[in-house]
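Below, each chain spelled out in residue letters.
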Amino acid sequence: MQTLWTRRATLAAAAVLATAGSVAAQEVIRIGVPTALTGTYADLGDQARRAVVFAVEEANAKGGVAGRKVEARFLDTEAKPDLARRQAEKLALEGFKLLTGTVASGEGLAMGPMLQRWDAIYVSTINKANQITGAACQPRMFRVNRLDASDGAVVTPWLAQRKEAKWAIMAADIAWGRDSGASFIKSAQANKRTIVSENYSPFGTNDFAPYIQKIKDSGAQGLWVALAGRDAINFATQARQFGLFDAVFTAGVSFVTDNTVKTLGEASKGIWGIINYSSTLDTPENKKFVADWAKKYPGTEPTNFEGETYIGMQVILQAVAKANSVKPADVAKALAGTTFDTILGKQLMRKEDHQLVGPNFFGNVGEKDGKLKPIITMSVPAETATPAPDPACKLPG
Amino acid sequence: MLINILNGLVYGGLLYILAVGLVLIFGLRRVVNFAHGSLFMVGGYVAFAVAAVSNFWLALVAAIVVLAVLGVILDRFVFRPLQHEDPIATVLVTFGLLLVLEDVVKTIWGKDFLSLAAPPLLAGTVSIAGETFPVYRLMVIAVAVLVALGLSLWLRFSRIGLYVRASSVDPVTTGMQGVDTDRVSAAVVAIGAGLAGLSGTIAAPLMALSPSMGSFILIDSFIVVVVGGLGSFTGAFIAALVIGQVHNFGIVYIPWAASMIPFLLMVAVLIWRPTGLAGGRA
Numbered sequence: 010m011q012t013l014w015t016r017r018a019t020l021a022a023a024a025v026l027a028t029a030g031s032v033a034a035q036e037v038i039r040i041g042v043p044t045a046l047t048g049t050y051a052d053l054g055d056q057a058r059r060a061v062v063f064a065v066e067e068a069n070a071k072g073g074v075a076g077r078k079v080e081a082r083f084l085d086t087e088a089k090p091d092l093a094r095r096q097a098e099k100l101a102l103e104g105f106k107l108l109t110g111t112v113a114s115g116e117g118l119a120m121g122p123m124l125q126r127w128d129a130i131y132v133s134t135i136n137k138a139n140q141i142t143g144a145a146c147q148p149r150m151f152r153v154n155r156l157d158a159s160d161g162a163v164v165t166p167w168l169a170q171r172k173e174a175k176w177a178i179m180a181a182d183i184a185w186g187r188d189s190g191a192s193f194i195k196s197a198q199a200n201k202r203t204i205v206s207e208n209y210s211p212f213g214t215n216d217f218a219p220y221i222q223k224i225k226d227s228g229a230q231g232l233w234v235a236l237a238g239r240d241a242i243n244f245a246t247q248a249r250q251f252g253l254f255d256a257v258f259t260a261g262v263s264f265v266t267d268n269t270v271k272t273l274g275e276a277s278k279g280i281w282g283i284i285n286y287s288s289t290l291d292t293p294e295n296k297k298f299v300a301d302w303a304k305k306y307p308g309t310e311p312t313n314f315e316g317e318t319y320i321g322m323q324v325i326l327q328a329v330a331k332a333n334s335v336k337p338a339d340v341a342k343a344l345a346g347t348t349f350d351t352i353l354g355k356q357l358m359r360k361e362d363h364q365l366v367g368p369n370f371f372g373n374v375g376e377k378d379g380k381l382k383p384i385i386t387m388s389v390p391a392e393t394a395t396p397a398p399d400p401a402c403k404l405p406g
Numbered sequence: 021m022l023i024n025i026l027n028g029l030v031y032g033g034l035l036y037i038l039a040v041g042l043v044l045i046f047g048l049r050r051v052v053n054f055a056h057g058s059l060f061m062v063g064g065y066v067a068f069a070v071a072a073v074s075n076f077w078l079a080l081v082a083a084i085v086v087l088a089v090l091g092v093i094l095d096r097f098v099f100r101p102l103q104h105e106d107p108i109a110t111v112l113v114t115f116g117l118l119l120v121l122e123d124v125v126k127t128i129w130g131k132d133f134l135s136l137a138a139p140p141l142l143a144g145t146v147s148i149a150g151e152t153f154p155v156y157r158l159m160v161i162a163v164a165v166l167v168a169l170g171l172s173l174w175l176r177f178s179r180i181g182l183y184v185r186a187s188s189v190d191p192v193t194t195g196m197q198g199v200d201t202d203r204v205s206a207a208v209v210a211i212g213a214g215l216a217g218l219s220g221t222i223a224a225p226l227m228a229l230s231p232s233m234g235s236f237i238l239i240d241s242f243i244v245v246v247v248g249g250l251g252s253f254t255g256a257f258i259a260a261l262v263i264g265q266v267h268n269f270g271i272v273y274i275p276w277a278a279s280m281i282p283f284l285l286m287v288a289v290l291i292w293r294p295t296g297l298a299g300g301r302a
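Note that the protein sequences, when read in sequence, are chains B and W. Its first residue numbered 10, the first sequence is counted upward by one per residue in our numbering. Its first residue numbered 21, the second sequence is counted upward by one per residue in our numbering.
Bound-form chain W, shown alone (with noise of 0.2 Å):
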């Protein structure tokens, strides 16, 4: 029972840790990103490649920072001018990404499945209630609820936070008190897409690095995105932590539902909650 919570909080540690990000992006920019998931895949190849002459930590650090410069360019040239189109042109623009990004790392890699092993120190098991239960993985709900913290305590304590949470309210308004909306997005961005680069590489031992892995969780993200509610950071918390325990225990109990449940959550929710379970407070 108890191993059954903790692998739900790992699942749903590494969706919130992704789903952040697109709430985050979304936020600041009113721009749904397709290319999330693959910004998730770059960040686990980015991480491969570095720990290939280095090693694990060295590589999660990397993967955050390349793809938070990716992030500051992707907000400059691709973002920035999109916000005020229509919704239809950021969905295809986004989704053009992706298969940009997907094709790069294909022509960089390969087609094959790569494998990044997890680092020395976290590679053992511990004992918890009489069963084995891998250390990586207690060190992947350990990151989500750093970033969990981390992000709560910047949004609502510094300045910019001040700022994030203004903007993301009424973006025209915070402009003409004076704030600089564009240099916040592109700091906001910038922790989204770094967010997706530390989520793929502590992803990257739990599974096989492929150019499409992307797209196998970004559905899972968007559902956590959705029944937290657009754009709510405690929502995408919420959200997740219910979506990885009834993901793990749908599997235990109605396997043969399981994969149905997480869609219908988003259903109910779409019918009785529209604005998300934290109620559309952003």
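Bound conformation, chain B alone (with noise of 0.2 Å):
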């Protein structure tokens, strides 16, 4: 699998290169995307990947960054952690040593160590796990998406309107769906209600039915749901098959995302959901990039894990620009306390734990332009949104 995934990621790339047409003699910005391009993450990887294949034809039909053009590589990790440190590893030997795109927040977790022996960094855009930029922190490691207690930040003051006091958790397996879980169960105590069932189900489930039971014979009234992909469709599927989700008052993050809405239609209406980027957000920048999206990509309008993704190229790409410099050793430092323009207006990349600091925004997937998709109905600032650096992050400097 990995072969042929990489020489159609060598084909990708060589036609991005040859769309770039020439750009002056400066060193080249080699992006490296380690992401799933197979598995149960797939639907997630093919997000990130096409976000960065439309940040570079942007860039270099523009005539590059700084006079540099931008090249982008990409390698299959099927979301494992293991396999992730692997293809970043080849990436960067490669000289791909800009890295951004996994999936999984293990994988940051598991390439975050290695970063400085690659002569490396790594700009996450889609791991939510709060190490990454807490307990795990790394002087090569940024984040520009909503971590975990960016969306409990979101879900404390959500769960507070709400009424239901009995709660049911069904979270992935994996890094993010535990700290998800336990990111719901503070916000959960800080309201008084009470967690009645937790379920963590393994990565890539074929049938959720007994979990689904579990649910429902916990006397939930309210669930809680951290599942991303495939899990997400099957879990959902197989959930309004047995009417949970009408017995049940059901919300969740990455859960109803634009891509699983999209294969679920109306079992997903309804559902509430942490949404961390919408191509509905209404500001200048963001018009403009959904509007050059639709161009490049006719007929969709970006994902939320395509519209983070992009900002990261966005950052990584003015890093470059003020460093001056391919060099990781310069972008990390020209990352780390500098503010950027990015698609949800400025936004800074806190030195502190190398957290870009944004908004987040809650909602529930209703009918908008005779389209299903999840709309967003509260948002909340950056300052708010995004929580004070973790102190178990100490980074030197």
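For the record, the hints were derived by calculation from the structure and aren't laboratory data. What you are looking at is a predicted structure, and each value in this text was computed from that prediction instead of being measured. All the given hints hold, so there is nothing to weed out.
Dumping the calculated EDC-like pairs for lysine to aspartate or glutamate here, alpha-carbon to alpha-carbon at most 20 Å:
1) B:Lys223 - W:Glu151
2) B:Lys296 - B:Asp350
3) W:Lys131 - B:Glu310
4) B:Lys305 - W:Asp132
5) B:Lys223 - B:Asp255
6) B:Lys297 - B:Glu310
7) B:Lys99 - B:Asp128
8) B:Lys355 - B:Asp291
9) B:Lys342 - B:Glu361
10) B:Lys380 - W:Asp132
11) B:Lys296 - B:Glu67
12) B:Lys271 - W:Asp132
13) B:Lys305 - B:Glu66
14) B:Lys278 - B:Glu376
15) B:Lys360 - B:Glu392
Given two chains presented individually in distinct reference frames, assemble the corresponding complex, making use of the accompanying hints.
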């Protein structure tokens, strides 16, 4: 599978190169993208890939970044931490040292301690586990997307408005799912809600029936779901057949996203969830991004993961321009403590923990312009949505 | 409790239909078909494509027929030349086949997850012991039971069933008795592949269609085949039932160890009863 993908990824990279044309003979900016091109999270990895390809083409069409051409190379990780570490190392050895685009938090956590040895940097755009910018933070690791604690900061005030007293949790048994579950429990405790059933399903579960039955038997009135990709679709399809969503109020994170809603259709209607990015956000920069996106990928709007990965690319390329260098050490220096122009406005990359300070949103799946999609009903500004740096993260300098 | 048993039967039933195809192909051709999961996946996609222009039932028939034809082709050009090769060669070739089929599906249908709705007739729920239970899941159990009954009757009472049983014990002697084992094999692989198409279709309304969906379920079906005993039809049936229940009750009562239990069961069988639960009867 890997060799096939390697070949295909090389082709894709070559295609990107070909469209780029010739730019001044400055050193090329090489973006390495180890991501899930197959497996449970293939759908998320594909979104990361599309966003990177879009950003690369956009930059090259403008004549590159400060005269530098941009190139990207993709390798399959299947969202597995050990494979991600190997693929990232391969990319770094081949000179693609500006890494981004992995899906599962475990992947970022596996790469983090190796970055300095590889002389690379890693910018997370999808990994949510708090540790990435918490206890496991690294001088060469950065995150532009919202962390679990930030989702918690949105869930806590939202939960206060809900009447359901007893809640169940259904999450993926990986670093992110466990983290999200813990985060929800904190929000529940803050609101004096009880957790009556906690379920963590193995990554890539086929049959969710036993979990669904457990949740039904637990007497839960509300359900928090932290499942993504294929897991999210399998769970939602089966839960709907059991009538779970009619009996239990459901909300989640990465569960009902632009892409899963497309597959699930009516089954996802009315489900609530955290929205980290939406194409409907009303900033001039975002409107331009959405319009350009539709030109590159006709008939589509950028999804949440595509928007977040694009923000990652904006941040990386601006840091290269600021550093006027493609050397990972220089780019890392230019990243920390700098404010970047993103599609969601100006955002600061905190130097204390390397977390980009951005807003967060909440909403539910409804109809907009005749299409089902997650619609924002509550916005939380950046200062409140991104909790203060975790003291467990100690970065030098 | 009853609902949990039923849920175990659903997953076990699905595994049985898939695993018994593996057993059929192994019995006749001595080929461990790693591509079986991708046949299951292709079955799901064929059903998805046909259902888009007609209905679920036609899709079900189409998936079985298309996969059976694919089975005949595979038997003639892949399994027949492979039967005298080293097992490692068959493993490599069938694994390669899996990659090819996955890529073909990716090229035709793309990588996005697809979903096939249950037929309207079976989309509702029934009340069992005061709990709601999807009608569709009952259908899955019924299909598995029908497949088990049909196969055992066919193997026991039909002439070709007799040939199949004879060939899977000793293909050479059976051939010397005047049975055209290649034709028997073609029929058997067609049925095995057709069953993979059937299981792919009935699984489609339960889980997302994706090019790699076969690999998610293949491991479980291999566990069923090993626990039941390679080449044993009864063994596959018993093992699928056991694995289905163990999977379900594991998650309900000892969730932290649930995903380990089927593997532990397999290890236990390999240590104490290496010929499988059915004791090596073919």
